[in-house]
Structures are given as C-alpha cells and as structure tokens.
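Chemist: Respectively, the protein sequence lines represent chains A and B.
Residue 63 in numbering that gives the first Met the number 0 sits at position 64 of the first sequence, with consecutive numbering throughout.
Residue 76 in numbering that gives the first Met the number 0 sits at position 77 of the second sequence, with consecutive numbering throughout.
Hints were generated in silico from the structure; no laboratory data involved.
Any given hint could be a false lead.
[What the hints assert, rightly or not] Calculated from the model, a selection of chain B residues having no Cβ within reach of chain A, i.e. all distances over 10 Å:
#1 Met77
#2 Asn87
#3 Ala104
#4 Ala122
#5 Val126
#6 Ala151
#7 Thr152
#8 Gly182
[Stated by the list, open to error] Cβ-Cβ distance ranges computed for the label pairs, FRET-style:
#9 A:Leu6 <-> B:Arg128: 30 to 36 Å
#10 A:Gly4 <-> B:Met139: 25 to 31 Å
#11 A:Ser270 <-> B:Gly19: 43 to 49 Å
Ideal Cβ placement from N, Cα and C applies to all residues, glycine included.
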Amino acid sequence: MPWLGTLVLLGGSVVFVAVIDSLAFALIAQRPPVNLMRDALLAPWRAVAVSLVRQQNRTEHPDRLNWALAPALYLALAGIGLAVVPLAPGVAVIDAPTTVVLWGAVETLTVIAVFLHGWSANAPLPLIGAYRYAAMGLPIMLLSMFVLIGTALPAQSLSVVDIVASQHDVWNVLRQPLGLFLFLLLGLSLSLRGPFDYADSADLAGGTAGEVSGAARLTWQLARHAMLVAFAAMASSAFLGGYLGPVRAGPWWLALKMLVLITLLVGAGHSLARLPPSRMLTVLWTVLLPLAFLDLAQAGVVALW
Amino acid sequence: MVSGTDLAFWTLAAIAIVSGWRVFRTDSMVRSAFLLLLSFIAVGLIMLLLRAPYLGVATIFMMGVEMMVMALFMVMFMMNPAGLNPMNMVHQERFAIVAGVLAFAGLAAAVWLTDLPHHPLVAGRPVIRELGMELLGRSMLIFETAGVTLLATMIGTVVLSSRSGRFGPADAGSLPPTMTPGGMPAGRIPKKRSGGHGGHGGHAPSAASPTAGEPAHGHANDHPHQPPEHHA
Numbered sequence: 000m001p002w003l004g005t006l007v008l009l010g011g012s013v014v015f016v017a018v019i020d021s022l023a024f025a026l027i028a029q030r031p032p033v034n035l036m037r038d039a040l041l042a043p044w045r046a047v048a049v050s051l052v053r054q055q056n057r058t059e060h061p062d063r064l065n066w067a068l069a070p071a072l073y074l075a076l077a078g079i080g081l082a083v084v085p086l087a088p089g090v091a092v093i094d095a096p097t098t099v100v101l102w103g104a105v106e107t108l109t110v111i112a113v114f115l116h117g118w119s120a121n122a123p124l125p126l127i128g129a130y131r132y133a134a135m136g137l138p139i140m141l142l143s144m145f146v147l148i149g150t151a152l153p154a155q156s157l158s159v160v161d162i163v164a165s166q167h168d169v170w171n172v173l174r175q176p177l178g179l180f181l182f183l184l185l186g187l188s189l190s191l192r193g194p195f196d197y198a199d200s201a202d203l204a205g206g207t208a209g210e211v212s213g214a215a216r217l218t219w220q221l222a223r224h225a226m227l228v229a230f231a232a233m234a235s236s237a238f239l240g241g242y243l244g245p246v247r248a249g250p251w252w253l254a255l256k257m258l259v260l261i262t263l264l265v266g267a268g269h270s271l272a273r274l275p276p277s278r279m280l281t282v283l284w285t286v287l288l289p290l291a292f293l294d295l296a297q298a299g300v301v302a303l304w
Numbered sequence: 000m001v002s003g004t005d006l007a008f009w010t011l012a013a014i015a016i017v018s019g020w021r022v023f024r025t026d027s028m029v030r031s032a033f034l035l036l037l038s039f040i041a042v043g044l045i046m047l048l049l050r051a052p053y054l055g056v057a058t059i060f061m062m063g064v065e066m067m068v069m070a071l072f073m074v075m076f077m078m079n080p081a082g083l084n085p086m087n088m089v090h091q092e093r094f095a096i097v098a099g100v101l102a103f104a105g106l107a108a109a110v111w112l113t114d115l116p117h118h119p120l121v122a123g124r125p126v127i128r129e130l131g132m133e134l135l136g137r138s139m140l141i142f143e144t145a146g147v148t149l150l151a152t153m154i155g156t157v158v159l160s161s162r163s164g165r166f167g168p169a170d171a172g173s174l175p176p177t178m179t180p181g182g183m184p185a186g187r188i189p190k191k192r193s194g195g196h197g198g199h200g201g202h203a204p205s206a207a208s209p210t211a212g213e214p215a216h217g218h219a220n221d222h223p224h225q226p227p228e229h230h231a
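Kindly generate the complete structure, drawing on both the sequences and the hints.
Modeler: Here you go:
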C-alpha cells in the first residue's frame with residue numbers, strides 16, 4: 000500500500016514542519032522557556048483555525064481562475080514530488096523509469112505555480128514577488144538538475160527507485176559531497192524559505208501571498224510545508240540512501256532522515272540572511288552553477304572509476 | 000468498447016486542442032504562454048500513454064521552463080507594463096489563416112498517407128536506453144560536453160555584456176533614440192557625471208549634445224547649452 004504510507008508520511012511530516020517552525024522561531028527569539036513545547040504544538044492548529052474564520056481578500060480585477068488554482072497546483076506538485084520517492088525496495092506510488100525527470104518537471108511547474116500566485120492577484124507587491132521568484136527559481140532549478148543527474152550516474156538509471164538501490168554500499172553524499180549542499184539550496188527555494196524566499200518575504204509585505212487570506216492562504220501555507228516535506232524525501236533518497244539503514248531497511252529510516260533534513264532547513268530558514276536579489280543572481284550564475292558543473296564532473300569521474 | 004487508455008487519450012487530446020485554441024483567444028501574454036504550456040502538458044501525457052516515458056516527461060519539463068522564460072521575455076520586450084494590460088494576441092490574420100489551413104491539411108495528409116507501425120511494445124524493453132543510443136550513439140560524451148560548454152558560454156556572454164560587467168558599463172557611449180526627428184535623446188539627462196559606479200541601469204548616459212561618440216563618463220556640465228532635465 001504505497002499510497003497509504005505516502006499519505007501518512009506527508010500528513011505527519013507537514014505537522015512536524017509546522018511545529019518545528021514555530022519552535023525554532025521561539026528558540027531564536029529567546030522566548031521564556033515556560034510552555035515552549037506546548038505553544039509550539041498548538042501554534043499550527045491556532046493558525047489553521049484563524050485562517051478558516053478569516054474572510055477572503057479581494058483585489059481589483061484579479062485573474063480569479065489562476066489565483067484559485069495556483070495553491071492547488073502547488074499542493075498537487077508537492078504530492079507528485081513525494082510520490083516518486085520509494086518507501087521500501089521497489090515500493091513507490093509512481094514507479095516509472097524516468098522519475099528523476101518527473102521531479103525536474105515538478106521543480107519547473109513549482110516556479111510557474113508561485114509566479115501565477117503572485118501575478119494573478121493584480122497587485123504591486125505580489126507581482127514583484129512573482130517576477131523576482133521566477134528570476135531566482137530558474138537558475139536554482141538548473142543547478143539542481145545538474146546535481147541530480149550526478150546521482151543518476153552511479154545508478155545508471157533515471158528512476159529514483161534505482162538511485163536509492165545504488166546507494167546500498169555507500170551513500171551518494173560521500174560520493175559527491177558538494178551535491179547535497181547545492182541540492183539543499185533548492186529546498187529553501189522550492190518551499191519559499193529564509194535566504195531563498197524571494198516570493199513571499201517580509202520585505203514585500205508577504206509577496207505573492209500578501210493579498211491572500213482565509214482558506215486560500217491556509218492552502219498556500221499547507222502547500223509550502225508539503226513541498227518542504229517532498230523535497231526532504233527527495234534529498235534523503237538522492238543523497239542519504241532513502242529507506243536504507245544499518246539494520247532492517249524500511250520507511251522508518253526515510254522518515255528519520257527527512258526529519259533531520261527538515262529541522263536543518265527550517266533552522267537555516269530562520270537563521271540565515273537573504274542577499275539582495277541582484278547579488279543573489281550573480282552568486283547563483285557565477286559561483287553556484289559552476290560549482291554544480293564541478294560536482295557533475297566529479298560525480299562522473301567517480302562513477303567511471 | 001472504450002478502454003481507460005482510449006478515454007484518457009480523447010480527454011487529453013481535447014485538452015490539448017482547446018487550450019491551444021485559447022492561446023490565441025485570451026487577452027494576456029502570460030495567460031497565453033501558460034495555456035500553451037497546458038496544451039504541451041496534455042501532449043506529453045499522450046506520449047506517456049504511447050509508452051514513451053522519457054519523451055513524455057521531458058516534454059512537460061522542458062516546456063515548463065520554456066513557457067516561463069517565454070512569458071518573461073514577452074513581458075520584457077512588449078510595451079505592456081508587467082503583462083497586466085489586456086492585449087490582442089492575434090495579428091497578420093489573413094496570412095495566419097492561410098498558413099494554418101495549409102499546415103493542417105499537409106499534416107493531416109501526412110498522417111493519413113503514412114503507413115503507421117502497429118508493433119505493440121514488448122514489456123521490459125529498455126526504451127530509454129534505446130532512445131539515447133538512437134539519438135546520440137557513440138557521440139554521447141561529445142554531446143554532453145558540448146551542452147555544458149554551450150551553457151557556460153551563454154552565461155559568460157551575459158556576464159560580459161551586462162552593464163555592470165568587468166569591462167565597465169556596457170552601454171558607454173551609446174545614446175537613447177530621439178523622440179522627435181533631429182531632437183534631443185530621450186530619457187533623463189543626469190546633471191552630474193554618471194557612470195563610474197554601475198548599478199543604475201536605468202540612467203541614460205550623459206548626452207548633453209547629440210554629437211555621438213561622447214563617452215558615458217563625460218561631464219555634462221562642461222557643455223554650455225545644456226537642455227533642461229526632462230523625463231521620457
């Protein structure tokens with residue numbers, strides 16, 4: 000039953016993301032330690048309740064269809080992204096020979112979902128967020144594809160199931176240490192988080208989500224969390240051996256690695272600063288992309304060895 | 000008897016055709032680009048039905064990037080702020096109708112007259128491997144190397160030609176066009192010397208006199224008959 004397992008993994012991890020998010024914020028803000036854990040556990044549910052009773056916001060002449068569809072598309076993409084990840088040897092919801100390319104399609108369509116979310120509102124700050132995110136999202140996606148192709152080399156396959164199986168003896172993070180670091184940047188970008196949040200950031204008063212409230216905003220936040228979960232599952236499978244572990248391979252190892260990566264990314268999102276967009280673009284094109292080339296070349300040499 | 004695959008094919012074919020038609024009937028560049036993407040996604044899914052797993056998914060992946068970039072470029076080059084103003088997506092209508100009818104007739108004739116193969120795919124056949132060998136064969140390494148080199152070249156070109164490149168402002172010495180025949184260059188004319196520190200991409204170079212060849216670093220104040228500052 001890969002369907003059921005994937006759904007349980009998604010639901011549980013989304014709640015974990017929400018809790019660890021408010022806990023990390025409270026810890027970094029040095030809130031008094033009284034009721035810290037209880038507040039963090041309750042905060043996501045409070046946010047859900049508040050969103051549900053708030054009225055929907057309206058702007059002048061929005062593109063209603065795309066505005067309503069963008070959060071649904073984002074959430075669906077997170078679901079497809081998680082569905083390509085195997086829970087156990089040969090057990091994945093989508094087990095096709097080209098699931099890495101499918102993950103690439105998920106990345107590109109995510110850029111489009113975020114862009115449409117900001118563009119459709121027909122309001123200045125969401126629009127700036129949309130264009131800014133498209134400019135950042137494309138180069139980050141490009142370098143992530145170079146890094147992912149590096150993980151497909153030792154497996155000699157474009158299937159995520161085979162990529163995990165190829166790490167039986169040694170994980171890809173040891174074969175190509177640069178790859179995991181570069182790939183983690185994509186996770187921050189895909190889930191609009193911290194230093195790579197050029198879409199929904201505070202400097203644009205919420206950016207693409209700035210004019211959204213009520214249930215639509217709740218769906219959008221849920222989709223962001225779900226995308227972080229899907230990304231953590233993909234990163235664990237591509238670089239950390241996925242369901243493989245020292246004893247008894249199974250979904251528990253995948254879940255454990257996902258929780259570690261989610262904690263790492265949420266912490267990074269709260270503690271790292273965001274560069275100005277123009278400088279970030281320069282860094283992306285002239286530093287990080289050449290590093291991805293280097294990673295691919297190194298992965299190729301190791302695979303031939 | 001209609002199988003699930005048939006049903007999926009006809010639904011996807013209808014989506015591809017209807018969204019392809021809406022590309023030209025919508026009034027926005029951004030919507031038109033993403034409607035075209037929807038059409039391509041339906042075609043990609045039909046390829047999956049035809050058991051072409053790589054070509055189908057790669058079509059969706061590549062068209063996603065392509066349509067996003069196309070929407071950005073259309074908005075950048077058209078005089079339509081942020082792509083939000085309604086605009087007509089059709090031009091040269093008579094020529095387009097003739098070309099469209101001819102192309103449709105030609106392609107339909109090709110489909111009718113071709114003897115299409117009827118071999119069902121043997122299960123477990125390594126189609127992706129065979130496709131790669133068919134496309135690239137022994138030139139695989141050369142092709143991959145050339146791909147990465149071309150991308151590096153493109154990035155290098157953009158870096159060298161962007162205004163704040165390491166060889167100074169790229170538009171040094173160039174003048175914006177005039178608004179009236181023989182008039183002054185359009186745009187804001189800076190009072191003090193501009194340039195030196197890049198980053199102000201919107202500034203016109205100092206262009207007090209229309210005699211070309213004036214470098215961007217020239218002192219606008221040196222010219223006795225400096226025109227009043229005006230905005231384009």
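Chemist: What are the numbers of the hints that this structure violates, sorted from low to high?
Modeler: 5, 6, 10
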